Amino acid sequence: MGSLAHLGRAALPSVPGVNLLPGVRKVRPSEFTGVTVRNEPVRIDPAHVARYAAVCGFPRKDTVPVTYPHLLTFGAQMEVMASPEFPWAAMGSVHLENTLTSHRPVAVGESLGVEVVVEQTRPHPKGTVVDFVSTLTSGEEVVWESVSSYLVRGRGQEDAPPGLSFDAPEGRVTWRLDDGLGRRYGRVSGDMNPIHLYPVTAKALGFKRHIAHGMWTKARSLAAIENRLSDAVRVEVAFKKPVFLPGSVSFGVTGDRSEWAFALRRPKDGAPHLIGRATAL
9 MGSLAHLGRA ALPSVPGVNL LPGVRKVRPS EFTGVTVRNE PVRIDPAHVA
59 RYAAVCGFPR KDTVPVTYPH LLTFGAQMEV MASPEFPWAA MGSVHLENTL
109 TSHRPVAVGE SLGVEVVVEQ TRPHPKGTVV DFVSTLTSGE EVVWESVSSY
159 LVRGRGQEDA PPGLSFDAPE GRVTWRLDDG LGRRYGRVSG DMNPIHLYPV
209 TAKALGFKRH IAHGMWTKAR SLAAIENRLS DAVRVEVAFK KPVFLPGSVS
259 FGVTGDRSEW AFALRRPKDG APHLIGRATA L
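One rule links them: number in my numbering = place in the sequence shown (from 1) + 8.
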């Protein structure tokens, strides 16, 4: 099933009336016992990698950008969200954090199996955090893993544990982001969520303008230090304030090859869009 079809299925539970139909109707959160989706190995398409690298600022190489495998998990994540056993609607959830672990470089043209498991939820002051755990394998070898944490808004817990926090550097380099960035990244990633496409589609979902994808901001930040990353690396980021399009962001990085701290900030006041760190394994 294509990415747009997955997005459509995941969006159905948000449609009044349709969300009551068999196969669409969701279980209650109290009945949630977990969802697992496994996909057969898929060959990484060199042309697709090239388009992704161009949008995100990575150099062309015979290995994929460290964030590229996230795209291989996207369809399985949408399948989880569309499942009747997953209690929450996809639309309206907020991507809070993402941690990826790359155990080795992944070759362009390599075939990888995909598994996405959702079992864990955590309290948050504004609702519930749901962790999507993705694993990519080559045969029996685990080559890449990630945890994507999404906030489902609702009744929260005021004393919930805080999320990821880092000492983040100040911005040093300013990047200008154009109006069409969300559409270009959406076409290559498959994530055509309306909040990323046009002002009118974003306003319909409560944003003043369309916003950049969080995973693009992570990818672009890592592209800036790609030649300084270890072959085996863990990269943790927290998404803070949305990046409105068109607009500008400032990027800063400090550290050494054992650990880099980086951030994307709002140039006018330094407010963080993204804070992160990359740790050599």
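The hints are simulated quantities; they were obtained by calculation from the structure and are not laboratory data. Honestly, I wouldn't trust all of these hints.
To be verified - DSSO-like, lysine-lysine: derived pairs with alpha carbons at most 27 Å apart: (1) Lys-248 <-> Lys-211; (2) Lys-276 <-> Lys-249; (3) Lys-134 <-> Lys-34; (4) Lys-248 <-> Lys-276.
As the list claims (entries may be wrong) - Now the in silico label distances, taken between C-beta atoms and shown as ranges: (5) Leu-213 <-> Arg-180: 19 to 25 Å; (6) Ser-146 <-> Asp-264: 39 to 45 Å; (7) Arg-68 <-> Arg-265: 29 to 35 Å; (8) Gly-147 <-> Asp-70: 16 to 22 Å; (9) Val-208 <-> Val-102: 19 to 25 Å; (10) Ser-146 <-> Asp-277: 41 to 47 Å; (11) Pro-169 <-> Glu-267: 20 to 26 Å; (12) Pro-133 <-> Arg-112: 19 to 25 Å; (13) Asp-239 <-> Gly-147: 35 to 41 Å; (14) Asp-167 <-> Ala-279: 35 to 41 Å; (15) Asp-167 <-> Ala-212: 43 to 49 Å; (16) Lys-69 <-> Gln-128: 44 to 50 Å; (17) Arg-236 <-> Pro-37: 39 to 45 Å; (18) Pro-37 <-> Gly-188: 34 to 40 Å.
Please read these numbers as outputs of a predicted model, since none were measured by experiment. Virtual Cβ for every residue (Gly too), placed ideally from N, Cα, C.
Hints, one by one, checked against the model:
In summary, the hint linking Lys-248 to Lys-211 is supported, as the alpha carbons are separated by about 19 Å, within the 27 Å threshold. This hinted pair checks out: Lys-276 and Lys-249 have alpha carbons roughly 14 Å apart, not beyond 27 Å. Of the supplied pair hints, the one linking Lys-134 and Lys-34 holds, its CA atoms being roughly 21 Å apart against a limit of 27 Å. In summary, the hint linking Lys-248 to Lys-276 is supported, as the alpha carbons are separated by about 16 Å, within the 27 Å threshold.
A beta carbon spacing of about 33 Å between Leu-213 and Arg-180 contradicts the range 19 to 25 Å that was offered as a hint. In this structure, Ser-146 and Asp-264 break the distance hint of 39 to 45 Å, their C-beta atoms being roughly 30 Å apart. Look at Arg-68 against Arg-265: about 23 Å separates their beta carbons, and that is not inside 29 to 35 Å. Distance hint for Gly-147 and Asp-70: a CB-CB separation of about 20 Å, consistent with the stated range 16 to 22 Å.
Distance hint for Val-208 and Val-102: a CB-CB separation of about 21 Å, consistent with the stated range 19 to 25 Å. Look at Ser-146 against Asp-277: about 45 Å separates their beta carbons, and that is inside 41 to 47 Å. Hint check: Pro-169 to Glu-267, Cβ distance near 23 Å, so the stated range 20 to 26 Å holds. Between Pro-133 and Arg-112 the beta carbon distance is about 38 Å. The supplied range of 19 to 25 Å is therefore violated.
The hinted range of 35 to 41 Å is not satisfied by Asp-239 and Gly-147, whose Cβ atoms lie roughly 19 Å apart. Separated by about 25 Å at the C-beta atoms, Asp-167 and Ala-279 break the suggested range of 35 to 41 Å. Checked against the given bound of 43 to 49 Å, the beta carbons of Asp-167 and Ala-212, roughly 34 Å apart, lie outside it. Taken as a hint, the range 44 to 50 Å is violated for the pair Lys-69 and Gln-128, whose Cβ atoms sit roughly 34 Å apart.
Distance hint check: the CB atoms of Arg-236 and Pro-37 are about 42 Å apart, consistent with the given range 39 to 45 Å. Between Pro-37 and Gly-188 the beta carbons are some 38 Å apart, a value that agrees with the proposed interval 34 to 40 Å.
Taken one by one, the earlier hints fail for this structure at numbers 5, 6, 7, 12, 13, 14, 15 and 16, listed in ascending order.
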